[in-house]
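Colleague: Residues per chain, in single letters:
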Amino acid sequence: MNRRQFLTYGGAGAAVLSASEEAYAQATATRIDLSVEPADVELIDGRVVYQLLFYGAAQSEPRPVIRVTEGDLVTVTLRNNAPEPHAFAIPGAPGAEIAAIAPGGRGEVTFRAPRGGTYLYLDPLNAPAHRLLGLHGALISTPRDGHTPGGALTPFSAETLTPATRLLFDAMRDDPTARFVGDPWRPAREKIWLFAQIDPALCEQAELRRPIDGAAVQRTFAPRYFTINGLSGFDSSEAETVKPKGYVGQPLLIRNLNAGRNTHAPHIHGNHVLELSGVGADGSVVVRDNIIERDTWIMRALDRKDLILPFERPQDIPPGAWPPKEEPFPLRYAMHCHTEMSQTAGGGNYPQGLTTHWELLGPTRPTATS
Amino acid sequence: MAIDFTKTGVSGEQTFDSFGCNVWHVNPDTPDLVRPDIRFTRQVHDGADVLMPDGREVRFWSFSDPNATNADKDKPFPSPLIRVRQGQVVHTTLKSAKNTHTIHHHGMDPTTFNDGVGHLSFEVSGSYTYQWRPANAGTYFYHCHKNTVLHFEMGMYGPLIVDPPEGPGTLFTGGPRYDVEAIWVADDVDPVWHEYNHDAGLCGEDVALDRFSPRYFMISGVPAPRTLTDPRVIVRAKPRQKVLIRLINGAYSVLRVAFDLDATIVAVDGRGLGRAASPWSRPIPLPRGTSVDMTSAQRFDFLIDAPATPGTYGARLEFRDWGTGEIHAGGRGVAESRIIVA
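Read top to bottom, the protein sequences are chains A and B. Just so we're aligned: the first sequence equals residues 1 to 370 in the numbering used here. Just so we're aligned: the second sequence equals residues 371 to 712 in the numbering used here.
Check each hint, because a few of them may be wrong.
Said to hold, decoys possible - Pairs of lysine-lysine residues, derived as BS3-like cross-links and limited to a Cα-Cα distance of at most 25 Å, are as follows:
id: 1; chain 1: B; residue 1: Lys443; chain 2: B; residue 2: Lys468
id: 2; chain 1: B; residue 1: Lys465; chain 2: B; residue 2: Lys443
id: 3; chain 1: B; residue 1: Lys377; chain 2: A; residue 2: Lys325
id: 4; chain 1: A; residue 1: Lys243; chain 2: B; residue 2: Lys377
id: 5; chain 1: B; residue 1: Lys377; chain 2: A; residue 2: Lys245
id: 6; chain 1: B; residue 1: Lys468; chain 2: B; residue 2: Lys377
Simulated from the structure, these hints should not be mistaken for lab results.
The following block holds chain A by itself, in its conformation from the complex:
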């Protein structure tokens, strides 16, 4: 089977595959059906490139977000509808690997969902080539118990929480003495920012079925397009799946992943973020015990970082100008990679690269703690 799909840029949303989104579901069996599909993808400047993409069973959207609950038995099946072998792995999730599947074949693996946090699923074959051709996606593991002793909910397993994480999540509460006065963090307050890079020359090599040497790709990869959740520039700035929104006092979790090869320098305007986690040498989620507030953070190849965007009052507005009377809400703030080559598409077109923005809808929550 060699079915080709044509994706337009705006169509690349984020389907969600999940057997259970309950935070405290009992251990259950979850089954995720994926396939590898060749696709023609239209980029932000109209150029069309050949990519290889993971699809869910419905095949409605590429690179579906997989949601599981820590400890659940998860079965992933993978059908390979591409003309070369493909495989599957989740760094940091022991046992979550499917060895190479021949074209037209099918593979399967069952594993325990890893500890609460953000993971990247990918095709590890010919690394990093297949991943860079598009075979990657985000897997979110919800902790079975993510509470701090103080009762605040976190995205991590309670036994992995550090004193710093406990302090921070307890500091987001409806209490005038708290650092982040407002709502506690809630699981629904989340955005996934999955970064990727596209080199049309590599896409063409794959389309023409020329041999691809992963080690050579690691050296010569020359990306010309830079995406968040498959989107760039104007499209990623307007996409609801990418753009955070909220009022002062509504903290949001950013699950940031880099499936590309190049190191990104995401820079956010309007608020600093708090960096909660990183990746250990074995791919596991490392919850930080030194949480640093940053306006710019480093995202190397295969990095996964969870960050809190606090949605606090932008700190550098004069008190006499807050809340603004003349300048209207929403206040809108850019997030873009500061290694600015990533702000281009096809060698120019600033800022049609890796960028989005976030919106501060108002100075107070419409109905506090609702």
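Please build the complex by placing chain B on the supplied structure of chain A, with the hints as guidance.
Modeller: What follows is chain B alone, placed relative to chain A:
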């Protein structure tokens, strides 16, 4: 005069064109204006050549200070320091002179109109006064945010330091004190890019702004290897003094930083580590001979105790490619300097 926000990215219709190619160009009043405690003017300055060690002259753009009586009036690059106290209301007036530009005070969190991002607000063709009030002492910078990929590389940036109410000598209230201060801006220069015109690459033109091959490596406007000797870069301290190095990565490289002395990272991105408002953070030791990586636009503040013994101690900045991770220019992409204790 009422501000017509519909003529800006704030309330105007956001389109593919307004996002990049045809951004709003206006010169509005500052909304919600309050009385400033301190004012700065920055005028676009678009022609100064820097002589590189190989004899090549490379063109830089910058912001100058037209009110200055010193070199800042016609300072080529980097742009003059903006230094203020925490809590001061600051007005920065940009005079674009020709073409359009903006000023983004990087690390400051003001309103959208005062943040200097063209596609979300506007680019300035004449003049605009940015209003902000820094709440956190620390190390920042300011830069043009138009066609940023090019304008930032062309040198349109300068350091921005916020002192705590106590003034210079203390990094932040409750934080470390220092006797000697250095402000270092690391930069890498691809001379090919410095031949481009102002709007290169906008509106569909492929000028290969995704290819960056730097050949010169600078600290605070001084190209290596002069960084080893130039008084604008080297640090002089007396034994047992506390040295603060405020390092801004203005390069498009991943900067690998190492010192011949034990150092401590005491602040990141204008936020003191371990300060009262941030009990979940603490300073990070950087023992001599170990390194730390800084990506583009990050700022780390390093505190170093000058040893009791006089001597010369090295600092090494490696400029590494964002893709391969290798040192640029076949291993030449290094800028070294010295801390001289005497």
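Colleague: Hints first: check each against the structure and report whether it holds.
Modeller: We went through each hint and held it up to the structure:
no.: 1; hint: B:Lys443 x B:Lys468; verdict: 18 Å, holds
no.: 2; hint: B:Lys465 x B:Lys443; verdict: 13 Å, holds
no.: 3; hint: B:Lys377 x A:Lys325; verdict: 18 Å, holds
no.: 4; hint: A:Lys243 x B:Lys377; verdict: 23 Å, holds
no.: 5; hint: B:Lys377 x A:Lys245; verdict: 23 Å, holds
no.: 6; hint: B:Lys468 x B:Lys377; verdict: 20 Å, holds
Of the numbered hints listed earlier, not one is contradicted by the structure.
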